[in-house]
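Visitor: As a plain string of letters, each chain reads:
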Amino acid sequence: MIFFGKKKEKKPHKEIDIKKEIKKAEKEESLWIKCSSCQELLYIKEVERNQHICLKCEYHFPISVENRIKLTFDEGSFNELFGSIGPVDFLKFKDTKSYKARLEETQEQVKRPDAVVCGHGKINGIDVLTAIFDFSFMGGSLGSVVGEKITRTLEAGAEKRLPVIIFCASGGARMQEGIMSLMQMSKVSGAIYRLKSTKMPYISVLTDPTLGGVTASMGMLGDIIIAEPKAMIGFAGPRVIKETIKEELPQGFQRAEYLLEHGMIDMIVSRKELKRQLSTLLKLILS
Amino acid sequence: MRYYLDFEKKLEPYERRLNEIKKFYTLDDPRYNKEVQSIKRKIAKIEKEIYGELTNWQRSQLSRHVNRPHTLDYVEHLFTDFIELKGDRKFKDDPAIVAGFASFEEKNIAVVGHQKGKDIREMAYRNFGMSHPEGYRKAVRVMDMANRWGKPIITFVDTPGAFPGIGAEERGQAEAIATSIEFMFTLTVPVITVVIGEGGSGGALAIGVGNAILMLENATYSVISPEGCAAILWRDGSKAPLAAEALKPTAHDLYKLNVIDEVIKEPFGGAHRNWQETFNNLKPVLSRYLKDFAKKNGDELKALRYEKFRKMGVFEEK
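Chain order of the listed sequences is D and R.
Just so you know, we're using my numbering here: the first sequence kicks off at 8 and counts up by one.
Just so you know, we're using my numbering here: the second sequence kicks off at 6 and counts up by one.
It should be emphasised that the hints constitute simulated quantities derived from the structure, not laboratory data.
Keep in mind that the hints are not guaranteed to be accurate.
Calculated from the model, a selection of chain R residues having no Cβ within reach of chain D, i.e. all distances over 10 Å [said to hold, decoys possible]:
1) L23
2) I44
3) T193
4) E222
Computed list of lysine to aspartate or glutamate pairs in DMTMM-like fashion (alpha-carbon distance at most 20 Å, straight line) [as the list claims (entries may be wrong)]:
5) D/K206 <-> R/D304
6) D/K77 <-> D/E87
7) R/K261 <-> R/E321
8) D/K203 <-> R/D149
9) D/K249 <-> R/E127
10) D/K104 <-> R/E250
11) R/K95 <-> D/E268
12) D/K290 <-> D/E87
13) R/K244 <-> D/E250
Computed footprint of chain R on chain D; a stretch qualifies when at least three of its residues, placed anywhere within it, have a C-beta under 8 Å from a C-beta of chain R [stated by the list, open to error]:
14) 39 to 51
15) 198 to 204
16) 254 to 260
For every residue, glycine included, the Cβ atom is placed at its ideal position computed from N, Cα and C.
Chain R on its own, in the form it takes in the complex:
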């Protein structure tokens, strides 16, 4: 089921009509050729109008679009032989984070990522990608194996944030996040982080300490959601669009601030408009970084990762 954000709604009737035609005939059926051509022109025009200059708030919404590819979609389309590993060996398995080993272009790698859901049932099962402490502990467990076995780690960030709940706090949400962040500094294998959707605060950073941080064009990465920020600083959640401008959470903003290494281009209108194009854009970049990092030894990788984060921060010294 295709979902349309408010500002995308104009597209809906035209795309629905196209789908109807597609369902019973083909798009090049001569009986419908004229109509199809005219609809396509209209869609192109609307696309230009609504996606031409996206505001930060619109990008924030796009970053959470239900139809965007999620971690397991990247795993399915970019990797082969994926074997998922579950559980933190302490309390439970947290489906909001998936982890395992797979093969990428003949190279064996470990993968860790937040997993949101596609439909309401999966969303509930995955807790909307909001992890409990067990998710980060599972991530650490898999990253530890990868480190010992010399497998590069690819992490996919896509979460509204860590889950604010009683159980999560009781079982050490803060400890689990802190430990995962600290643990990532000990790794002697290459770590590549890709922010594919929503990079929500500490929950995102917990698996985000990469040698390289890549970000999809319409992904966001922020210390707090625009809604949360608006609720605190403006005391009014509806001021989220203003907060989104102020927080500067988009890929281009973060690139300017030297927080991320590269912005991955998305298809016009966003990753949800064309998955394959998104995968095709990411694949060569991942491949390039893996090749570059393969030339470095473990200590270099560890030191480079430290230096990378060490430089972050803007201040003045008198």
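For reference, chain D alone in the conformation it holds in the complex:
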């Protein structure tokens, strides 16, 4: 879609040696991790101790579903729901690899049938239903399974009159499911409306990254929208935008802070404060 974009000469970008060094270090030495926001090279153990938060810039690294559960829900209170739903390669989709093979490989690696874990848990004693995206499963992409599980969670919230919190981390729709992945956006949005009509709150927590169809459905439909510091949140990806408009993107574009400033989200909450903030919010709404 490049028609009338201003042409701008690309400046030759000179790679600084230190970056190469960092890349090298990343490959050879898994003890180190590079912050994707401030590019600082960090000692992994230290980052882990800090709840996967960059020690320099507060960027929140993606965390595993298990970690998220541990951080958010009262100990032992989490019960997984709808765990028996799995994906099907109904389009017989094949790019450089078949979707079926890709699924099997990922399931083996991630030890999960698909990219979301749903469940029931307590946050400081308050009952909630939740869906947590797993970004490590095909980029947390939204396909039939993710859509169905989240819809059931929302419907359960409407039926049992429980609030629903969705922790988003996704690159967007799952292309390998074609039109069906797009339709999950509408299915989930319909279920969100149903939940809201029962006067139960829906809270979305946007973590790095939340993009595409996930933002343009459950991400932005939260009654209350919370983001983690420096999380990349948007509809179109920054690379696509850059290629389309042929311009440099503004500083901090599509980061949580930028969205807060533009009125798109309610607050940015550090992982360390999130549980307390959620329980206070829920208490204010529910009692």
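Mind docking chain R on chain D? Use the hints.
Guide: Below, chain R without anything else, positioned relative to chain D:
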């Protein structure tokens, strides 16, 4: 100006010659009768050859054909008394989406649709049918009025997708799309969606939550364009024809997947070959769905719409 896609190019010299004759004489002028007959036979033969078995990629190209009728053409030929309403009351008017009220077979309706352009000037003005957040907000505003005033809503989908730009993101592209999708689930009037050309991703779905979804035979509806998909999964945009096969974005594919309700037949070769025939094919179907939905009350319509989308998705449960 008639535009020919690469695979249609063979037709060009013959049709140009016919037009020349038409311009100065008439097609039944005895001096040219023989030539006209022979050209017509040739055209028919070529048509059969190039349109006989269209690939998904060719249909993708047809779905974007510049000479296809666009939303305002359907409005002009199917509806009367169209009054366009503009603006989202928040920031600006987005010409990539048109909306308003009109009359269809004596019944008053609301219409919302993406509008691409016919020529380069209109294309630029309409941003090639790629809406900014304001377009969806205008759509919601008009659908809200229609809902309060009890007017059925007809939406025409024809967009490459939402516009990927800085301003669009800043002003909440994702929020605008999500809100429009969610809002359509609240409607208590009948909603009929017709995919007339390109159904591009979230930008299409934003006005696509219908009680019925109809699709023209050569329209496409997909989560991503074949080019975009190829660029991501094959890392090579030129693999678009392969992506078009894999994505299964055509009307017949979607009908098989139960995503759409009905495929509207197009004239042989595509809607751009004969507008009137296209309108004639769509009109009775629209009319039938409107009559059917008129029998249902608001709550039923809302519940049916929910059920329709609720069923979408393919998965297994152990």
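Visitor: If a hint holds in the structure, say so; if it does not, say that too.
Guide: Hint-by-hint comparison with the structure:
Annotated as non-interface, R/L23 keeps its C-beta farther than 10 Å from every C-beta of chain D; the closest such distance is 32 Å. The claim that R/I44 lies off the interface holds: its Cβ sits roughly 35 Å from the closest Cβ of chain D, which is beyond the 10 Å cut-off. A cut-off of 10 Å between C-beta atoms confirms that R/T193 is not in contact with chain D; the least separation is 13 Å. For R/E222, the non-interface assignment is confirmed: its Cβ lies about 16 Å from the closest Cβ of chain D, beyond the 10 Å cut-off.
For the hint pairing D/K206 with R/D304, the CA-to-CA distance comes to about 18 Å; that is within 20 Å, so the pair holds. For the given pair, D/K77 sits about 13 Å from D/E87 by alpha-carbon distance, which is consistent with the 20 Å threshold. Pair hint R/K261 plus R/E321 holds up; C-alpha atoms about 19 Å apart against a cutoff of 20 Å. Proximity of D/K203 to R/D149 is assessed by CA-CA distance (about 18 Å); at most 20 Å being required, the pair is judged to hold.
A C-alpha spacing of about 24 Å is found between D/K249 and R/E127, which places the hinted pair above 20 Å, so the restraint is violated. Note on D/K104 and R/E250: the hinted pairing holds, with a Cα-Cα distance of about 15 Å set against a maximum of 20 Å. This hinted pair checks out: R/K95 and D/E268 have alpha carbons roughly 18 Å apart, not beyond 20 Å. Distance check on the hinted pair: D/K290 and D/E87 sit about 23 Å apart at the alpha-carbon level, beyond 20 Å; violated.
Pair hint R/K244 plus D/E250 holds up; C-alpha atoms about 19 Å apart against a cutoff of 20 Å. Given a C-beta distance limit of less than 8 Å, the hint that chain R covers the stretch 39 to 51 of chain D is violated, as 0 residues qualify and 3 are needed. Under the rule that three or more residues need a Cβ within less than 8 Å of chain R, the assignment of the stretch 198 to 204 of chain D holds, with 4 such residues. Under the rule that three or more residues need a Cβ within less than 8 Å of chain R, the assignment of the stretch 254 to 260 of chain D holds, with 4 such residues.
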